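Q: The residues making up each chain are set out below.
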Amino acid sequence: MQTVSLKLVTLVAETVLADPLSRDLTRLGAKGFTITEVRGEGSRHLRSGEIPGQNVKIESVVSASVADKIVDHVSREYFPNYAVIVYVTDVAVVRGEKYI
Amino acid sequence: MQTVSLKLVTLVAETVLADPLSRDLTRLGAKGFTITEVRGEGSRHLRSGEIPGQNVKIESVVSASVADKIVDHVSREYFPNYAVIVYVTDVAVVRGEKYI
Amino acid sequence: MQTVSLKLVTLVAETVLADPLSRDLTRLGAKGFTITEVRGEGSRHLRSGEIPGQNVKIESVVSASVADKIVDHVSREYFPNYAVIVYVTDVAVVRGEKYI
Amino acid sequence: MAISSVLQTNLLSPITLSFALGILARRVKSEFSLPKDIYMGIAVYLLFALGLKGGAELAHAPIVSIAWPAGVTILLGCITPLSAYFVLRKLGHFSTADSAGIAAHYGSVSAVTYIAAQTFVASMGKTVEGYMPTLLALLESPGIHIALALGAIKSTNKSRPIFSVLHEVLTARTMVLLVGGLLIGYLIGEKNWHDIEPFYDTKGVIFKGALCLFLLEMGIVAGDRLGDLKKVGPFLIGFGILLPIVHGTLGVLLGHWAGLSVGGCTVLGTMAASASYIAAPPAVRVTLPDANPTYSLTCALTITFPFNIVAGIPIYYQIAMLVGAY
Amino acid sequence: MAISSVLQTNLLSPITLSFALGILARRVKSEFSLPKDIYMGIAVYLLFALGLKGGAELAHAPIVSIAWPAGVTILLGCITPLSAYFVLRKLGHFSTADSAGIAAHYGSVSAVTYIAAQTFVASMGKTVEGYMPTLLALLESPGIHIALALGAIKSTNKSRPIFSVLHEVLTARTMVLLVGGLLIGYLIGEKNWHDIEPFYDTKGVIFKGALCLFLLEMGIVAGDRLGDLKKVGPFLIGFGILLPIVHGTLGVLLGHWAGLSVGGCTVLGTMAASASYIAAPPAVRVTLPDANPTYSLTCALTITFPFNIVAGIPIYYQIAMLVGAY
Amino acid sequence: MAISSVLQTNLLSPITLSFALGILARRVKSEFSLPKDIYMGIAVYLLFALGLKGGAELAHAPIVSIAWPAGVTILLGCITPLSAYFVLRKLGHFSTADSAGIAAHYGSVSAVTYIAAQTFVASMGKTVEGYMPTLLALLESPGIHIALALGAIKSTNKSRPIFSVLHEVLTARTMVLLVGGLLIGYLIGEKNWHDIEPFYDTKGVIFKGALCLFLLEMGIVAGDRLGDLKKVGPFLIGFGILLPIVHGTLGVLLGHWAGLSVGGCTVLGTMAASASYIAAPPAVRVTLPDANPTYSLTCALTITFPFNIVAGIPIYYQIAMLVGAY
Ligand SMILES: Nc1ncnc2c1ncn2[C@@H]1O[C@H](COP(=O)(O)O)[C@@H](O)[C@H]1O
Ligand SMILES: Nc1ncnc2c1ncn2[C@@H]1O[C@H](COP(=O)(O)O)[C@@H](O)[C@H]1O
Ligand SMILES: Nc1ncnc2c1ncn2[C@@H]1O[C@H](COP(=O)(O)O)[C@@H](O)[C@H]1O
Ligand code: NA
Ligand code: NA
Ligand code: NA
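Residue numbers (my numbering), protein chains in the order written: chain A, 1 to 100; chain B, 1001 to 1100; chain C, 2001 to 2100; chain D, 3001 to 3326; chain E, 4001 to 4326; chain F, 5001 to 5326.
To be clear, the hints were calculated from the coordinates, so they are not data collected in a lab.
Remember, it's a predicted structure, so these values are computed and weren't measured experimentally.
Heads up, a few of these hints could be off.
Only some residues are given here: those of chain A computed to face chain C with a beta carbon under 8 Å [stated by the list, open to error]:
(1) V12
(2) T15
(3) E41
(4) S43
(5) Q54
(6) N55
(7) K57
(8) V71
(9) S75
Even glycine gets a Cβ: it sits at the ideal position worked out from N, Cα and C.
Start from the sequences and build out the full structure, keeping to the hints where you can.
A: Listed below in structure tokens is the structure:
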């Protein structure tokens, strides 16, 4: 079965950002996303939220251009003040049109 | 330490498919898998299950050929009627024989 | 926005290893990590822990050299006796310095 | 008591109001919901309590006295999925899969609706046969199996091997807790039962208190789906209200014929009128892939459940009074 | 009773000791904590119980009798965020964002502190006006809104559109359960209330038992953050103790002036003195990104909450006695 | 009472039957299980209740009266891991790691087995010394430490630094809740205790009701592992039944010698006979990597726990009667 190559954008952020970030993703062109409750530690040691270290991981399969937009937006809007990271991976999917 | 390159197949599907899909994976040659409870939104907006948007993510490290088989099977058997996506990533592992 | 390419190391291990492994990661140079509670099946069928199959997934974005160190350490220290797997993926991040 | 005041009593019960609060919360777009494990945990407790209490009562009841009621219950389990299926197929012109899928829900029973009926009857000062939980367990699965078999036979698409699903239904949470509880309650005997009765008594305060929290969450879940009413269209909305009345009446009549009290008739009628939204959905989902889950779940959860809680139960009660059950 | 013995009674209450145990557990680096869903579930139960009980009481109280107390409560909701803000801005020289962020916490109220006050007053053999939960609901949100508005106006950085946040606060868990519970408790009437009273009664054993477990976990959460005391510095530590005393005194006086009993004055004072750590934090976090959450959460949770539980409440009680509330 | 009827009473207790139901559910391949957080939450409640109740009783007991029982308890904590170790090493020819790993489980204690014994004794109309929970806390950790030290010394493989593990065991959930509860129960005094007693009383309905749900899940967990019985082989199966009888008898005798009542002897014997499956497993897993966890967990959970619940406790009770404890 032939596949197309797309980008998987992964965000890890403090729980309170789950909704704002998903809204942003949709606005920037993501057709869907998957959210996982995670916990973690990083360099910022920000203790927001009643129980510290409670984060969400948001994953979205998108086109390269949308991926750029998201990374761009997140690092501009959220990096300065929030505990959040973002990274991008190459993925192969079938029915690529579903994600674009 | 030298590593071999394999495929990580990731499925996100409505919870009710957790068992059928894991059975299929094993049948198609996966030596193991990891399941995560997630929630998500996609294009289909199917509201199956009492609490909508409750999905499972199933990840399995497999050989390229098994990966093809899985993608093939899933898109044929499940895409038409179920809320499910699948994507494949390249991963490097040690002791590759464990997964083949 | 220009990105740098780093490694995402993913460990899946029985829950009891969550702390030892995170300590090891930090010691080996990881600047942070994200932990997810997962369940899974593998080839070893070890039934440690009251509820079998309860695992943790530990993900860490690190430099290639740190990634090697981790894979090396884990396969030497934990593979023989514990239910654990590790795999490495290429990821693109912004502000690479955060992870090094 | 006049129907109006009966309705009012019912509308102002903590159960109904907690459910209403849940719906309201979702309508004002509140993101509040009960933690998943708590919701599940309360469900486990309620079902186990039903079973234990039923078993303890069973220990007294002469088995023969249950024969007829059990018979009509199983009969209801065979009739209701078929009536639902054919109404949907012939009048509603739904696909075999959709018809069978929805029929599986209405052929089974909703334990919470059952509890609401029991509580309502008690608040009317009437008693209910102690062995009703046994009937609840009997009505749980036959309807699902019949409807799924029907769908599997009629549908052109290959559908997943049905036997594994039959097994899943028979060993699902509800059956384990209900049947298991019945056995335990039956075996432990008077003294042991009295030790745990205040905790598990379905008339007790813990049961009633937990029930409110459970209905609060059910209201949230239902409120979440109100939007789907548009998707299912007027036919299914009518179906979700009228079929329960038909099934409910049938249940009351058969119950009366089997010699149940007015309380028992009301509860049996409610059981027949209710639609499962726990056991049926996953079974249907895996067996009949091309049945649209939005249809069945919206009908069972967003139309029939609230209807029964608010108006259905009092109606079945009135019918039970009319048929002159003592 | 002498202040010393009052303090002692309070120190040896199960609530205080459970909280202390939680802190201790963290200090000895225990990894124990209550399962997340259980902690959330207990919170839901406590708030819903508060609401229901308050509503049931409200059914008796002549609405007029609440007018004045309600008035002064809203007044407190407007004064306390402002006083907090200006103390931090002028005396503490904190940024607008930080000042507004912390002020939002102190302008709102902590339900658990409220409960502790109610329990304390009861243990002193005094009664509390039944409509206090209504005041609790009234005090929940105004302070947060005022502080956030203040921060949004004054801050140079663009801050997230505030309206969505106002809505989030108004529809948050606390409001749904408290206001919803009040409505239900008010509507169900005597008989229904008595059915569920033992389960939801805030003087009942289930409530008190669950409260201990909740404070155990709160102690763990607070103990987790003890280390942050260094980060916030002496000014905020003093602020977290002195401002509550000021707000508490103000609350007692206004309560007395509005005709509350000594019990009512103590509870209202405690409400004014308490700082929210549930509703406020997320609202502040998304509206004022450059407010440091470590400041506000450490003050509310690690300084003010324990202070109120251990010493504050008895102090407000003494003040209430002094002002000669009957 | 004849041993047969004693056994029957025990077999038909809600606890035993709930456990049996759990096993049965797994045998019929049901996928039902209690939500994880609920299971954890009940465990927390049970342990905290044990502690509180024990502490409240301690407040009355003259400390001296506990000296001897405490002494023999610690003695049991030192003997049982060694006896277990040498039986496994010499007779069973298991590796040092495996022997030490399993010994750590049998050197510690299972709180649920303890509770079952207490409940059983009560159902026999006998009383138990109020300070037993203190003994439970005393027996929790020494055995684990001794066994792990033994394993660490004897094993050739480097094993993880043992001190961090000692600390983990001493600050684990069980210790925090048990010891913490003891302190709180001891400090709060009569009046406060009576406020929360109905909720935490280990003879109360909430405790007994929750216990059934807990044992239901334990049955499921044990049923899950029945398959592993094949893996552990006949020697360990015999070991898992005979060693408890030896340890149980020893516990009864030492208890009698220390002046415990027949109830106290039975409970102390049960404690000695029981094997930990909560505190021990993680400690062993990280300290002795090459100890096979399937061995220790299957013995403790699938063999010894059910044996004690069903037959062991009544046997220790009979022995206690024989040795003529009053
Ligand atoms: N190097 C990393 N690898 C994986 N996850 C990370 C890493 N650094 C940070 N995180 C995640 O991002 C969250 C915020 O990190 P930080 O902003 O550095 O405090 C942490 O709680 C982790 O969950
Ligand atoms: N583009 C995407 N990226 C990540 N996850 C997705 C995406 N689209 C769908 N999903 C996941 O797949 C599930 C089903 O999607 P769908 O079939 O499009 O409704 C959703 O609930 C999401 O969890
Ligand atoms: N091929 C695989 N793909 C994904 N996860 C795996 C795979 N094999 C093992 N795992 C995970 O690693 C854990 C331990 O595996 P094992 O050591 O093979 O028993 C399993 O419980 C799974 O969660
Ligand atoms: Na039905
Ligand atoms: Na305040
Ligand atoms: Na032992």
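Q: Evaluate each hint against the coordinates.
A: Cross-check of the supplied hints:
Checking V12 of chain A against chain C: minimum C-beta separation of about 5 Å stays under 8 Å; hint holds. With a cut of 8 Å, the hint placing T15 of chain A at the interface with chain C is violated, because the nearest CB-to-CB distance is about 13 Å. Interface restraint check: E41 of chain A against chain C, minimum CB-CB distance 6 Å, threshold 8 Å, status holds. A distance limit of 8 Å between C-beta atoms decides the matter here; for S43 of chain A the minimum to chain C is near 5 Å, and the interface restraint holds.
For Q54 of chain A, the shortest C-beta to C-beta distance to chain C is roughly 11 Å, which exceeds 8 Å, and the interface hint is violated. For N55 of chain A, the shortest C-beta to C-beta distance to chain C is roughly 7 Å, which falls under 8 Å, so the interface hint holds. At about 7 Å, the closest approach between the beta carbon of K57 of chain A and any beta carbon in chain C falls short of 8 Å, and the interface hint on this residue holds. Given hint, V71 of chain A at the interface with chain C, holds; its Cβ is 6 Å from that chain's nearest Cβ, closer than 8 Å.
For S75 of chain A, the shortest C-beta to C-beta distance to chain C is roughly 5 Å, which falls under 8 Å, so the interface hint holds.
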